[in-house]
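Number of protein chains: 2
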Amino acid sequence: MTISLAIEGSGFTSKTRDEVRYFEHALFLIDEHGVIQSVLEPGDERYQSEKARAQANGTYQAIANGSYLLPGFIDLHVHAPQWAQDGTGLDEPLEVWLGKYTFPTESKFADEPFAHTVYEDLVTRMLSTGTTTASYYATVHRNGSLVLAQEAERLGQRALVGKVVMDDPEANPEYYRDASAQAAIEETERFINEVAKLNEHSVQGVYPVITPRFIPSCTDEALRGLGELAERYKTYAYIQTHCSESDWEHGYAYERYGRSDTHMLREFGLFTERSILAHSVYPSEEDMRVFAETGAIAVHCPLSNAFFAGAVAPIRRYLAAGMHVALGSDISGGYNPDLYGAIRQAMISSRMLETGVNRELSAGERGVEGSALTLSNAFYLATAGGGASLGLPIGRLEAGYAWDAQVVDTRHPGARLPIFEPNEPASDIFQKIMNLAVPENVRTVWVQGRKVVDKG
Amino acid sequence: MTISLAIEGSGFTSKTRDEVRYFEHALFLIDEHGVIQSVLEPGDERYQSEKARAQANGTYQAIANGSYLLPGFIDLHVHAPQWAQDGTGLDEPLEVWLGKYTFPTESKFADEPFAHTVYEDLVTRMLSTGTTTASYYATVHRNGSLVLAQEAERLGQRALVGKVVMDDPEANPEYYRDASAQAAIEETERFINEVAKLNEHSVQGVYPVITPRFIPSCTDEALRGLGELAERYKTYAYIQTHCSESDWEHGYAYERYGRSDTHMLREFGLFTERSILAHSVYPSEEDMRVFAETGAIAVHCPLSNAFFAGAVAPIRRYLAAGMHVALGSDISGGYNPDLYGAIRQAMISSRMLETGVNRELSAGERGVEGSALTLSNAFYLATAGGGASLGLPIGRLEAGYAWDAQVVDTRHPGARLPIFEPNEPASDIFQKIMNLAVPENVRTVWVQGRKVVDKG
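Note that the protein sequences, when read in sequence, are chains S and Y.
Heads up, the first sequence is in my numbering, so the first residue is 58 and it goes up one at a time.
Heads up, the second sequence is in my numbering, so the first residue is 58 and it goes up one at a time.
Rather than coming from a laboratory, the hints here were simulated on the basis of the structure.
Possibly wrong hints are sitting among the right ones.
As the list makes no split between identical chains, a pair holds if one copy fits it or if it spans any two.
What the hints assert, rightly or not - With a straight-line cut-off of 25 Å between C-alpha atoms, the simulated SDA-like cross-links for lysine to any residue are: (1) K508 with E497; (2) K157 with T431; (3) K512 with T181; (4) K72 with G146; (5) K291 with G421; (6) K512 with E497; (7) K512 with G123; (8) K165 with K512; (9) K508 with S484.
Excised from the complex, chain S in its bound form:
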C-alpha cells in the first residue's frame, strides 16, 4: 500500500445520525486507490512520523486555519436534462409541469452536442458546491444518457446514471417516449452494458441505473422487463424511480392496481436494497415496513416537495421505522443544485411540519409533534446516510472510506462567515457552515482521492 496523499486539517463528519464529530488537525492518509487508510489525531503515536514522511515525499497538504473538511455530499435525485429549465415553471401542478415544460425540454436531448453542453455544465456546477456523488435521470435517449455518464466519468464525479423508460403511448407524448416496451428494455440493457464498460476506466465509479420514470408512464410489460434486468444485473446496476410523490401519483397506483406503488414496484422486482425511491412522501405504515425490510432508499427532496408534493415527508418517522433515507435536490422540481440548500430546506420543512402552517387552527392542532429534524440529522442524510443507503464506502471521513471531501473556507473574501470570536465553539462553526456557506466558500473538492475542484 502506498500513501499518495496526506492531508492535515480540521473538520466535521457524522458520528451517528444524531451526532457530528469534530476533528482538529487530523492527518488523513489516503492510498493510491483514493481510500482513507488511517486517520491520525495529533496525540497518536504515528502522527509526527507520518507527517514528516509525507512532507519529505511531497504528499503532504495542510488545510488552512479557518477552512474545514467535510465529506462530499451525496445527491440521490437529479433530473440532469432539466438543468436547462431549472428555476422556471414552478407555478404549475406536477402533471401540467411535466407536459408543458419538462417533456419538451427533455426531448431536446436527442441532440448529443446539446446534451454535452448541458451535462458538462451541471456536473461542473454540482462538483463545485461539494456534491461528489449524484444519482441522475438522463432522458429516454440511450446515446444522450451515455453522454451524461461520460461527462461524470471525465469530470470525476461518482455518478449513478439512468436512461429513462417511459413507454406507455397513452401516457407519454409521441415526440418523447420509448418506441415500445420491448425497445425500452433492450435499450436499457444495452445502456447498462455501455456504462459498465465505461466504468472499467473510471477511478471513482460510474454505475448504470434501471430507471422507469414512474409507474404512470410505463406499461406493465416494461416494468416486468426492467424487473428482470434488475435481477440479472443486481451486482452493479441500481434501480431508481419516483414513489408516492404527490396525492395524484400515490392515488394512481391504487386506481390501476388497487395497491400502492411501493407494493407494485416490489411485485415487478423493482423494489430492492438497490432501489432509490425519489420523494416517498405518502407511503403507508405497511409500505414503510417494505422499505425497512428491503433496505430500499427513500430520497427526501424537500424543496421540490414544497412545490409539487402537497405535504412534507415525515422523515423522523421514516428513520424511526428503520428506513434508509437520503437527500435529493430533484433538479428541476427543486431548483437548487447545491445540496447545502437541501440540508437547509429539510430543516425548514420539518420545522413547518412540526408547528404547522395554518394560523386559523389552534397551535395544538396545527402541526405534527416530533417532526423537526436537527442540523446533525440533515447533514447525516446528505453524507453518511446517503453512503450507507447505497452500500458504498462514502459519506464519512473515516478509515476505509473513499476520500470524497470538500474544503469550506469560512474566511473567503466576500463570503466570510460571521465568526468573530477567536474561540468560537466548533459546534457553532458547524452550524454556521451548514446554514450560511455559499458556493464561493467551497474551495477544493476531491472524489476518490482525485482533486476535481480547485478554486485556487
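Given the structure of chain S, go ahead and fit chain Y onto it with the hints provided.
For chain Y alone, kept in the frame of chain S given last:
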C-alpha cells in the same frame, strides 16, 4: 440639472404587484443627486443623442450582454448584532433562544470596537448581495447603535437604525436592559438627534428609528414615552417593533391588556404610517383593518417564521386587505443575509400554506387555498413594495426614483446560470435569476447613484 451617470442595460423592475416589466438596452440618465431623471428606450427620439453625449463626456456605462439590472433590495427587518451568532441556536423556541443565545450576544455590543467589526462586516455583506436599504435593530447601547448608523453611512447603504428599548426589569436580564423607562426615552431621543446630524452628511439617507423591542420587554411608561417621541419626530424618524410574531407573543398582549398588540401599539402612538411591524403573523381581521387604515408596514420574514412563528403569515390576504407588505431577512431568527433567500422562502412558505404539510389529512383539508405567491409578487415585496411602504422613492428603476440598483451577471464563471438557448425568453431569465442567483452573480451595486460594490 446635470447628468452624472448614463447607464445602458437590460433588466427587470416591477410594473405592478403581479407583473414584472422587462426592459432591453434602456438608457438611464441619473442626475448628480443620484436620481433617475429619464429612462429612454432604444426607440425614443433622444436615445441616440443622449447616448452619444454621455459617451463624449465620460458618463456612459454599458451593462454587458448576459448581465441584468434589478432594483436594489429592501430588507426591513434585521437585528444587526445577531450577525455574530447568525446560523446558530435555531433548535430552540423563541423565548429560550432570546435568553440563552441572543441577549448574551447583544450585550457584547457595549464594546464599540467589537460593534464596529461586526457591523462593518454585515453591511458589507448585505450590500454585496444587492440589499441597498435595510431597517436595523442595533442594541440597547446608544453608542454602539450609532456605530451601526455610521458604518451604513460610510459604506453607502441606505439605512434605518434603531437603538433598542427594553426597559422592563421583570422581563429582561439585569446585564442587558435600559436603566429605566426614563433613561430609555432620553437615550432614544438623543440617538434620534445624533442620527439626524449624521444624516446631514449622508448621500443616501440614514434614518433614526424608535425601536421598542416588543411589548413584552417594555413597560407602559416606556411605550408611552416612545409614542410621544414618535409624534415629535414624525417628519424623519420611523418606528419599528415586533408584532404578533408567535402564538406566545400574540397571546401576551391579550393577557396583559385584554387587547391585541396591534391595538395597544396604536394606543401608545406607535402604530402609524411610519411603523415597520416585523412578522405580523397573527393579526385578526380587525387588526388587518388597522394596518390598512394607518398604512403601517407588515414585514414578512418567512425563514425566521419557519423556526419561530408556528404558522405562515397569509400574505395574499394581507395584500387583498390593502396592507403594505415588505420583506425581511430577520437576521438571525432567519440566518440568510441575502434577500434572494427571503424572496425564495416567501414563495416556498406560501406554497406550503396553500397545499398544507400534514399528509395524514386529506388534500382538501390540509392547506389554505389561494395562499400561493408568485415570483412577481415576492420580487415586488423586496423592491417596489418595500419602497412604497416606506414612502421613499426607491425600489423601482423608473424616472423620479433613486438609482439604487444591482447588476446580476448570469454568465459569471463558476456561477453561470443555466441559460443555454440563444433566445431564452426574458420571463424565464427573470425566474432563473430569482431562483438561482448566488452572491457571486451580483457584481455591481449602486445606492443613490454611488457605486458601493464593484467586484470587477
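request  = Tell me, in ascending order, the numbers of any earlier hints that this structure violates.
outcome  = 5, 8, 9
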